[in-house]
Structures are given as C-alpha cells and as structure tokens.
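Peer 1: Make a model of the complete structure from these sequences and hints.
Line by line, the protein sequences are chains A and B.
Going by the numbering used here, the residue at position 327 of the first sequence is 327; the numbering climbs one at a time, nothing skipped.
Going by the numbering used here, the residue at position 223 of the second sequence is 599; the numbering climbs one at a time, nothing skipped.
Rather than coming from a laboratory, the hints here were simulated on the basis of the structure.
Treat the hints with care, since some could be wrong.
[What the hints assert, rightly or not] When the alpha-carbon atoms are kept at most 25 Å apart in a straight line, the in silico PhoX-like pairs for lysine-lysine are as follows:
(1) B/K569 with B/K655
(2) A/K295 with A/K193
(3) A/K295 with B/K671
(4) A/K163 with B/K655
(5) A/K279 with B/K671
If you're wondering where the values come from, they're calculated on a predicted model, not measured in any experiment.
2 protein chains.
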Amino acid sequence: MSMTMPAPAQPILSPDVVLDTPSMLVDETLMEQNISEMQALANSFGAQLRPHIKTHKTPQIALRQISHGARGITCAKLGEAEVMVDGGVEDVLMAYPVVTEIKINRLLALMERARMIVALDSLDAAEALSAAMSKHDRSLDVYVEVNTGQNRAGQLAGDDAVKLALDIARLPGLDVIGVMTHEGQTHTLPADKIAEGAREAGEKLVATAEAIRRAGLPITEVSVGSTPSSMYTPSVGGITEMRPGTYVFRDTTGFLYGQYGPDRCAARVLATVVSHPSKDRMIVDAGSKTLALDKSHGHPGHGYIIGHPGSIIDRLSEEHGVVVIPEDDPGFTIGQRVEIIPNHICPSVNLLDELNIVRDGQVIDVWPIAARGKVR
Amino acid sequence: MSMTMPAPAQPILSPDVVLDTPSMLVDETLMEQNISEMQALANSFGAQLRPHIKTHKTPQIALRQISHGARGITCAKLGEAEVMVDGGVEDVLMAYPVVTEIKINRLLALMERARMIVALDSLDAAEALSAAMSKHDRSLDVYVEVNTGQNRAGQLAGDDAVKLALDIARLPGLDVIGVMTHEGQTHTLPADKIAEGAREAGEKLVATAEAIRRAGLPITEVSVGSTPSSMYTPSVGGITEMRPGTYVFRDTTGFLYGQYGPDRCAARVLATVVSHPSKDRMIVDAGSKTLALDKSHGHPGHGYIIGHPGSIIDRLSEEHGVVVIPEDDPGFTIGQRVEIIPNHICPSVNLLDELNIVRDGQVIDVWPIAARGKVR
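Peer 2: Written out as structure tokens, the structure is:
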C-alpha cells in the first residue's frame, strides 16, 4: 500500500472525563481549522463552497460552514435537507435525482422554506418534476449531472449531457442553471495520479458547460465534488462551485494523499478494550456497527488507533473490533479507552446518535446527529 | 462461488401500496414460519432456544420468539437489553463482556428488572464485576466464553477456559453456571464442510464443560450460537442452548448452505430506480447507508433483487446502489420499485428506523426498530 507516514496524533479527550463507549468525539479546534482551511482553499480558487453535509449530518456544523463563507449545502436525500432547513439552512443542492410523487411533494414543501436546486440525469425524472412544478406554478433550478469518469449516475460528459440539458431546458417549470459532477473515480488513483485525474474530470465538465452555452443555454454553475480531489479539480478555470464533505472531520482514507495525518482528524470513536484473550489480540467495543466496514486507501485494517499506529484493527464483527498487536506495541489493558479514527467517517457518524463536542479535552456540548439515518 | 441455485421469490408488497423508499419490509407470514421452524429444530435437539436479537432489534419480535417457546434472548450491548426489558422481556444473556463502572451500574439496574446472565472471558472483567456485586449484595450468573476456533473473544477451549471458570467461581458474587461459544469460524467454510466444522466446535465446548465439571464446578449450561450452523452444532450431545439470530429474517449469505433460497427471506429493502444512465447500468436509492457493505458468501454483489436474479448490485456508495444489468434481464424503468434481500440483514436493519410489517401484500403495522444503534 502506497502511503505517507502520518504524523503522530494525541488523544483529544482527557482521561479523567467519564464517558460511556463507544462514542463519537469531535475536537472543536480541529474541526474549525478544517472548516476555515477549506473555505480559504475555495476562496483561493475563486470558487463558491457548498459542502456536502453527509459527513456530519448535524445542523450546528452546517451553520458553522456557512458562517465561514459557504454559500449553502449539498444533500443526497430530502430527509437530510428537511433536517437542515429545520435547523436554519436556507440554500440546498439536492445532488441526487428526486423521483416518485411522494418525494416531489416533499421537495415542493421544502421550496416554500428554502432555495432548492435539484441535480438530474434523466429526462424521465425531469418530466415528472416539470409536470409537478407546472401544476403548482413553481419554478425549480436544476443542475444536469455529468459522468466525468466515475460511471455511477450522470449523463456522459459531452454530447449526451448537452442533449439532456437542452431537453430539460425545454420543459416548463425547470431552469437549467448548471452542471455538476462527482469525480469519485479519483479516489482510487495512486497519490501521484490524483491531481492529473481530478483536473481531467474538471476539464471535461467545463468543456461540457461550454458546449451547453454554445448551444444557447446560458448556464452559470459548474460544480465539482469530493474532498480528496479538492486541491485539484477546482483549479481548472471555469469551475464555479465545490462540494467537499469529508474535510470537516477527515479520516484515514485521506492519509494516502499525503495531505494530512491523524493529527488533523477531528472526529474519533472513543472505544474500550473489553477482551484480551491472547498477547497478540485484543477486542474493542467498536465493531462494524460503529466503525462501518468501509476499506481505507490510506491505512491498513479498519481504523487508526491513536498512540498505537502498529496495532491493526484486523477484523470487524458487528460489536467486536479484533485488534492484532505487534511485539513492539506498549500493549493494552482491559477497561482501557482508546481513540480510533475510522476509515470513512461519514458512515460511522451515520451509525451513532450524537457528537460529543470536545474543547481542551473536555466535553463542552452534545449535539444530536439530527440527519442520521435519513435515507429517504 | 459455490452456491445452490435458489428458488425464485415473489415481491411481498403489493404494487398499489404507496410507501416512500428505501424502506424495510417484513413479511409476517415468512417471519412466523422462520420463528416456528427454528423453535421446532431446537425442540428436536432437546435444546433451549435463546435467540440473538441483533437481527431484528425490535421487542415485538423478541416477544413472538418467546411466545413460540424461546427461554429468553441474547444481546450484545446493554442498550439492547434495556430496550428489550422495557418491552417486556424477562430473561437476557449478555453475550459480551460488561466492562467499566458505567456499564456495571447499568447492569445492576437491569438486574432489578430481569434475570441477567453475563458472558466473560477474562479475570480482569470478572474481578470488577465481583467487587460491584459484593458491594451491592447481589449475585450474578455467568457463562465463560470459550474460543472453539473463531479466534475472536473467548478463552481457548480446554485448559485455559477451565482455569478461567475455576478462577471466576472463587470470586464472591459470581455464579458460573455455564459455558458458551460463538462458532463463527463455520461461516466461511464451504457448504459441504459446515456440518463437520460445527460439530467439531460443539464437541470442543462440551468437552470443556465436562472438564469444568470434573474439576468440581457443576455447570449446567452449554450454549452455542449462529444461524448457519444451527442444524449441526446443537446435534452434539450435551449442548443445552442455542442462540441463532439471523434465522428470523434470513439473508443472501444463507443461500450458500443450500438450506433456503430468497423465497424464505422475510425482510427486504424496498428501493426505487432513480437513474438509468446506460442500458447495462441503473442506480437504486439504497446504497451502503441502507444495505450495509457486508459481503455475501451466497450471492454475488451487494444484495439479491427479487425478480432480477441476474442483475447484480455491483457497487455501493452511501446512497447509490449501482446495478449491472445483463442482456437477458427484463429491464428497469426510472421510478420502478424493487425489493432487495440484503447480504447481511442485521446491519441493514440497524441502519433503518422502522420495520413495515406486511401481511398479504399490505402494510398492517409499522414497528420502530427500538434497539437500533444501541452500540453501548
């Protein structure tokens, strides 16, 4: 595995604080640093920041991102948007097709309370939305989702996306104002290829936007996604908006890119050693029901144990994290607490109900993860 | 992949029922059949049934299992036990070490309301529990957790486990009444090896129990776990209790063992096709945030789509299930609903907030998954 040796990191919670485990900790200082640095990066590119809230799912944090300069937020599901608008957010991109009558009615209700944009990649979905907007005498801003190489959703960059943009623009009640891509294909590139891969995705998207304009549709927004590529894709001239999410907390996957180590990861799972059946194996009370099963591109195993970089979380059952301990590790005792940086922080946050906000080692607040589990 | 071709299965929800997606459906008839068949299997072995509730996390279902003859339930975390006791369950095995003062205090509170047993695999954890029991003038029933080959928690079958049982028995406030194992190592065996592997685990546990008795400790309980091995491990003479969980719903992993096909899976994720960017690829609105990332030993990809056994859920992002469609599939349209059997039903249930109980195609009730997310 190609990786940069990360800087060592300290626990963020004081050992004297009593807290049941497993629990999610968020260091407020590190989080603030992450938020302000990403805002500064966006500013340096002349791009607007519209963070994806899937990482924190918590209105308090969305409002902090906005107070630092973000123009609004990005959500995948309407349930997330409903929670965020309840919490005071006023500008939401749904980076996900809104399909079925139930969901369109929920979108219409949200449009009464916030500025909504919806990303679409099919004429079928657009026609249903158009009919509903016309019926309710409303107009909806739309991005066309473009596939720049991830091969997930999105019309292919170039002719296919241009055609869809023009087809949607002819429908009543929909205003095509931009294009977006999620350049997730860059996340599996080796560290020395990500810059090139990200810029290539950005160039495809910008070229598609220019072709749409040449065809007569004066779109203004060219929006890109992802934290790993955030230093590169928006450097392409013509990108107007970026939608990173993970940066607010960061996780072990980012170690691969050499941009940061565990010392910059603001969120950790506090866990307890509950079993130590042999010298080389111990069990923490955080399994896949807490850490999630996502693999990391930046660290072996299922998370990074602060202070024990050589002890690998080798296997996860739902409630068991099975840790393999090397000879040179200082060791563990039953009842000991450890802080673990998950491989992928977003699904781990989704598994828990609250964030323990830590300042100077103390828990200063507990925030409900209000948009947790909003899969609809 | 070695697998038995499963019988085809029908959707359980009528197409005319309006229900937002993704949602978890539970067919009541199939669930009842699963519950009664496992009870009959336990009865045929002369073993007591103590189902693990991690699969359903729902008190209504625990009570049904008990009304069919289960002696009580198994939980991993105290938070699950608290919900189940609130719901009316009176007999709980904590198949997980109870460690730290916070958790011991929660256990003491539970002991005021229900019969509690705790499984232990270390003298450290036992000593802390013993001190607390003595201080509060209480006595706790204990199983010693035995490692019969999974190499997760548990003391090694034989001398190590015998020594721990005798050491714990000397502590005040703890009564060692049995041994338990989770023979999870059988879950990765090929279908034609599982019977032998399961019986081998059962024999190791029974031999350990007999050695403990010979050493002077008259333990009565010999408890084994797991649905995949449930036809085999308890067939060993001397096993008194079985703790399967998944059987109540079943999932694609069980297809490997040839015991059942998708027609016997009682729980399905109802999802909607939201994007169909090319003929061979479509996206459903159930990703890893709904289906979980667990791999299957019995079906390729990330779940089984009812009616489309050849269409493979090839990749999951958090909110995207990326489906690869073969040439001979009848195809999909945007807005179409599909039912998906998850690879591992337990973590999928843990990601959602309610079960839609379906009888004859109609949703007759909605049960909160009250112990969802109880990681502590």
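Peer 1: Check the hint pairing B/K569 with B/K655 against an upper bound of 25 Å on the C-alpha distance.
Peer 2: violated (40 Å)
Peer 1: If you draw a straight line from the CA of A/K279 to the CA of B/K671, is it 25 Å or shorter?
Peer 2: violated (30 Å)
Peer 1: Next pair to validate is A/K295 with B/K671; report whether the Cα-Cα distance is within 25 Å.
Peer 2: Between A/K295 and B/K671 the Cα gap is close to 13 Å, so the pair holds against 25 Å.
Peer 1: Regarding the pair A/K295 and A/K193, is the alpha-carbon distance no greater than 25 Å?
Peer 2: holds (20 Å)
Peer 1: CA of A/K163 to CA of B/K655, is that 25 Å or under?
Peer 2: Since the Cα atoms of A/K163 and B/K655 sit roughly 17 Å apart, the hinted pair holds (cutoff 25 Å).
When held up to the earlier numbered hints, the structure conflicts with 1 and 5 and fits the remainder.
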